[in-house]
Amino acid sequence: MTYSPPHPGSLVAFAIVALVAGGFIALATVDGGKPALLSISPYLVQVLTFSVIQAALSTLLSLALGIGLALALARRSFTGREIVLAVLGTTMVIPTIVAVYAVFAIYGRSGLLAEALRFFGWDGSFSIFGYPGILIAHVFLNGPFVARITLDALRQVPAEHWRLATAFGFSPAQIFRHLDWPVLRAELPGLAGLVFLLCFKSFAIVLALGGGPSRATLEVAIFEALKIDLDFGRAAWLALIQLAICLSLTAILNWAFARAPAGHTLRAPVSRPDIENRRLRIIDAVILAIGALFIAPLALSVLDGLRHVPAVLDADFIEAFATSLAIAVTAASLACLLALALASAARRRRVALKSPRIAALYDFLPSTLLAVPPFALTAGLFLLIRRFADPSQAGLILLPLINGLAALPFAYRYIAPRLLTAEERYGRVAASLGITGLSKLRLMDWPVLKRPLGAGFALAMALSFGDFGIIALFGGAELRTLPYLLYERLGAYRMDEAAAIGLLIVLAAFLLAHVSGRLSHAGD
Amino acid sequence: MLAIEKCRLTWPDFEADYTLNVEAGALCAVVGPSGGGKTTLLHMIAGFEKPESGTLTLNGQSLLPLEPSKRPVAIVFQDHNLFPHLTVAENVALGLRPSLRMTPEERRAVGEMLEAVGLSGFEKRRPGEMSGGQRQRVALARALVSGRPLILLDEPFSSLDPGLRRDMVRLVGELRRRRPVTIVMTIHTPEDVADLADQMAFVAEGRVIASGPPAAILNGPLASRIASAVSDS
Numbered sequence: 000m001t002y003s004p005p006h007p008g009s010l011v012a013f014a015i016v017a018l019v020a021g022g023f024i025a026l027a028t029v030d031g032g033k034p035a036l037l038s039i040s041p042y043l044v045q046v047l048t049f050s051v052i053q054a055a056l057s058t059l060l061s062l063a064l065g066i067g068l069a070l071a072l073a074r075r076s077f078t079g080r081e082i083v084l085a086v087l088g089t090t091m092v093i094p095t096i097v098a099v100y101a102v103f104a105i106y107g108r109s110g111l112l113a114e115a116l117r118f119f120g121w122d123g124s125f126s127i128f129g130y131p132g133i134l135i136a137h138v139f140l141n142g143p144f145v146a147r148i149t150l151d152a153l154r155q156v157p158a159e160h161w162r163l164a165t166a167f168g169f170s171p172a173q174i175f176r177h178l179d180w181p182v183l184r185a186e187l188p189g190l191a192g193l194v195f196l197l198c199f200k201s202f203a204i205v206l207a208l209g210g211g212p213s214r215a216t217l218e219v220a221i222f223e224a225l226k227i228d229l230d231f232g233r234a235a236w237l238a239l240i241q242l243a244i245c246l247s248l249t250a251i252l253n254w255a256f257a258r259a260p261a262g263h264t265l266r267a268p269v270s271r272p273d274i275e276n277r278r279l280r281i282i283d284a285v286i287l288a289i290g291a292l293f294i295a296p297l298a299l300s301v302l303d304g305l306r307h308v309p310a311v312l313d314a315d316f317i318e319a320f321a322t323s324l325a326i327a328v329t330a331a332s333l334a335c336l337l338a339l340a341l342a343s344a345a346r347r348r349r350v351a352l353k354s355p356r357i358a359a360l361y362d363f364l365p366s367t368l369l370a371v372p373p374f375a376l377t378a379g380l381f382l383l384i385r386r387f388a389d390p391s392q393a394g395l396i397l398l399p400l401i402n403g404l405a406a407l408p409f410a411y412r413y414i415a416p417r418l419l420t421a422e423e424r425y426g427r428v429a430a431s432l433g434i435t436g437l438s439k440l441r442l443m444d445w446p447v448l449k450r451p452l453g454a455g456f457a458l459a460m461a462l463s464f465g466d467f468g469i470i471a472l473f474g475g476a477e478l479r480t481l482p483y484l485l486y487e488r489l490g491a492y493r494m495d496e497a498a499a500i501g502l503l504i505v506l507a508a509f510l511l512a513h514v515s516g517r518l519s520h521a522g523d
Numbered sequence: 000m001l002a003i004e005k006c007r008l009t010w011p012d013f014e015a016d017y018t019l020n021v022e023a024g025a026l027c028a029v030v031g032p033s034g035g036g037k038t039t040l041l042h043m044i045a046g047f048e049k050p051e052s053g054t055l056t057l058n059g060q061s062l063l064p065l066e067p068s069k070r071p072v073a074i075v076f077q078d079h080n081l082f083p084h085l086t087v088a089e090n091v092a093l094g095l096r097p098s099l100r101m102t103p104e105e106r107r108a109v110g111e112m113l114e115a116v117g118l119s120g121f122e123k124r125r126p127g128e129m130s131g132g133q134r135q136r137v138a139l140a141r142a143l144v145s146g147r148p149l150i151l152l153d154e155p156f157s158s159l160d161p162g163l164r165r166d167m168v169r170l171v172g173e174l175r176r177r178r179p180v181t182i183v184m185t186i187h188t189p190e191d192v193a194d195l196a197d198q199m200a201f202v203a204e205g206r207v208i209a210s211g212p213p214a215a216i217l218n219g220p221l222a223s224r225i226a227s228a229v230s231d232s
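Taken in order, these protein sequences are the chains called D and Y. Per numbering that gives the first Met the number 0, the very first residue in the first sequence carries number 0; after that it's consecutive. Per numbering that gives the first Met the number 0, the very first residue in the second sequence carries number 0; after that it's consecutive.
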């Protein structure tokens with residue numbers, strides 16, 4: 000019997016599972032494994048209630064805005080429409096800490112809205128903390144995302160269906176019923192689940208805009224347990240509960256709402272027959288105006304920082320920029336390498352070994368990382384590595400590692416399908432010619448893979464570069480990233496400098512996202 | 000009679016200029032190379048494309064001023080004819096009443112038409128639960144139930160295997176005997192309809208190059224071009 004070494008993807012999968020499990024075990028056993036769930040149950044109920052309510056409201060409002068915008072944009076063409084679409088696409092990569100700045104800049108006590116109201120003689124006051132600020136930030140980040148995804152889905156309606164609608168003389172209501180609604184019905188559950196998951200796990204926005212300990216998501220509660228109370232047992236329980244909830248939701252999203260491939264049509268696109276309807280024109284104009292009034296000021300608020308850029312280009316900034324860049328490059332490299340190994344293992348299982356169920360497990364593993372609370376994982380891993388390494392240097396190891404794992408699901412989505420495409424195209428030829436291993440990678444896979452790999456790398460970098468997550472645990476005078484610097488400036492009410500830093504972060508994220516988009520849409 | 004006279008359409012990269020007459024009640028098979036303008040011809044008759052000049056009449060009535068939904072024309076495409084969220088009966092009923100609020104007579108008509116295409120008992124099924132051939136039968140039933148005198152079939156059976164394709168062509172022949180309609184049908188494989196068609200038109204480069212009885216077209220001077228177009232497509 001010959002021994003065959005395990006596939007690198009199997010080792011990666013095992014390492015990820017071991018890392019997550021080890022982190023949790025370390026966290027749960029640090030206090031001797033006391034069953035602390037009962038003692039935190041009233042607090043837990045409060046945190047869960049708030050998390051669910053804010054996430055549900057954020058989801059509802061994001062879907063309402065996003066779907067309204069998508070339908071209006073599907074029906075209308077106007078000068079600048081492409082710019083609007085680009086803006087909708089880019090809000091997905093706006094770092095949450097920049098969104099926090101934008102909410103303060105527009106809706107804060109000294110924000111643009113308050114200034115405008117005072118100009119008209121209003122002398123009242125309002126607080127952005129709590130639900131208003133959280134909902135505004137969440138809807139700002141997720142509404143355009145929903146709009147973009149829904150619009151792309153609406154474009155998949157076969158041209159033949161539009162021609163039939165024209166031939167049958169469908170009314171606007173019948174068009175909605177027979178063409179738009181089936182698309183929305185297919186998209187909504189998945190989109191709602193994803194937005195809910197993102198808002199349920201929200202950290203930076205709730206931490207900065209929550210306005211007090213009574214308004215914490217599980218993610219914030221874990222952070223507070225670790226950073227403020229040093230209560231590792233409580234953090235472990237909260238993390239397990241979050242993991243269970245998010246994992247269940249991720250599993251449902253992954254399997255229950257897997258969509259059939261979009262209908263393939265070779266016919267040229269046709270215009271919708273409902274664009275001439277007068278009532279719809281008015282409705283669309285109102286929706287587009289509401290969307291513009293809500294999104295544009297927030298999206299453009301960082302432009303105010305342009306004037307202050309020279310003032311922030313000091314040694315702190317340079318150091319933070321270099322740290323962010325180094326972390327982002329390392330995290331993106333890690334994410335792409337892990338994704339490549341896992342995708343390769345999935346492909347081998349699916350094609351060569353004919354075991355699609357095991358391949359599906361490889362596909363599912365990156366998605367499960369979305370459900371793992373990064374603070375709990377970080378704390379657990381910190382407890383593990385402090386036995387072997389200098390704890391003061393832990394941040395330098397854990398930041399790229401956790402960011403890399405967080406970016407893995409996104410990198411995987413770029414890489415895995417193309418790796419399968421390469422196999423479909425060249426697999427048989429490679430097998431017949433006896434091309435295997437590195438030669439196969441160089442000759443068959445690389446030409447198909449290089450662009451999605453680049454796209455995944457750029458997106459992973461964009462996500463990591465703007466991330467304000469576990470840097471909140473390790474950040475300080477010794478270790479600063481740009482998002483952490485922005486958080487410090489916001490905390491000190493140095494809004495001009497915050498705007499300038501926010502602008503630079505957003506520019507970097509947009510640039511990387513743009514590169515990612517260009518590469519992902521390019522042909523082989 | 001369907002009369003198309005010097006109907007001209009232009010795009011930056013394509014020009015079309017059609018002249019064609021089809022007798023009332025006839026089946027005209029349109030053959031030609033891919034990208035030659037067969038589908039554009041049908042889309043123009045259906046009203047999806049508007050010619051810049053020329054005349055288009057059906058039994059003396061000009062179709063050009065009419066919106067697609069007002070034209071006495073029904074169309075069946077190669078794919079995506081059915082709405083996947085509606086049942087078979089509802090898909091057919093769209094040909095009669097887009098609101099789907101049907102009278103008992105209309106309901107009966109839908110049932111009869113489904114029986115005519117051999118799909119009795121399939122009323123409650125969704126398109127996703129049917130084969131490609133069955134889905135095209137449903138689309139055919141919808142075109143016929145609408146009662147419109149001109150039916151356009153845009154490569155309706157191209158995605159079916161040869162045996163099924165011939166069955167469907169036979170079905171079209173049977174349905175024509177039940178209810179006389181004029182049919183203009185684009186097709187890749189002229190031999191499938193050689194016995195059935197009353198007329199054949201060869202369309203290439205945006206023009207009707209020749210039109211006449213199928214035997215004359217298939218055995219005439221264009222035979223080699225037709226054979227080449229069929230093998231290329």
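To be clear, the hints were calculated from the coordinates, so they are not data collected in a lab. Accuracy of the hints is not assured; some may be wrong.
Example chain Y residues on the side facing chain D (calculated, C-beta under 7 Å, incomplete) [stated by the list, open to error]:
#1 P71
#2 H79
#3 L93
#4 L217
Every value quoted in this text rests on a predicted model; they were computed, and no experiment measured them. Note that beta-carbon positions come from the ideal geometry of N, C-alpha and C, so glycine has one too.
Right, here's what the structure says about each hint:
Interface hint status for Y/P71: violated, as the beta-carbon distance to the closest one in chain D is roughly 11 Å, over 7 Å. Against a cut-off of 7 Å between C-beta atoms, the interface hint on Y/H79 holds, since the closest Cβ of chain D lies about 4 Å away. At its closest, the beta carbon of Y/L93 sits 6 Å from a beta carbon of chain D; the interface hint therefore holds under the 7 Å criterion. Because the beta carbon of Y/L217 sits about 27 Å from the nearest beta carbon in chain D, more than 7 Å, this interface hint is broken.
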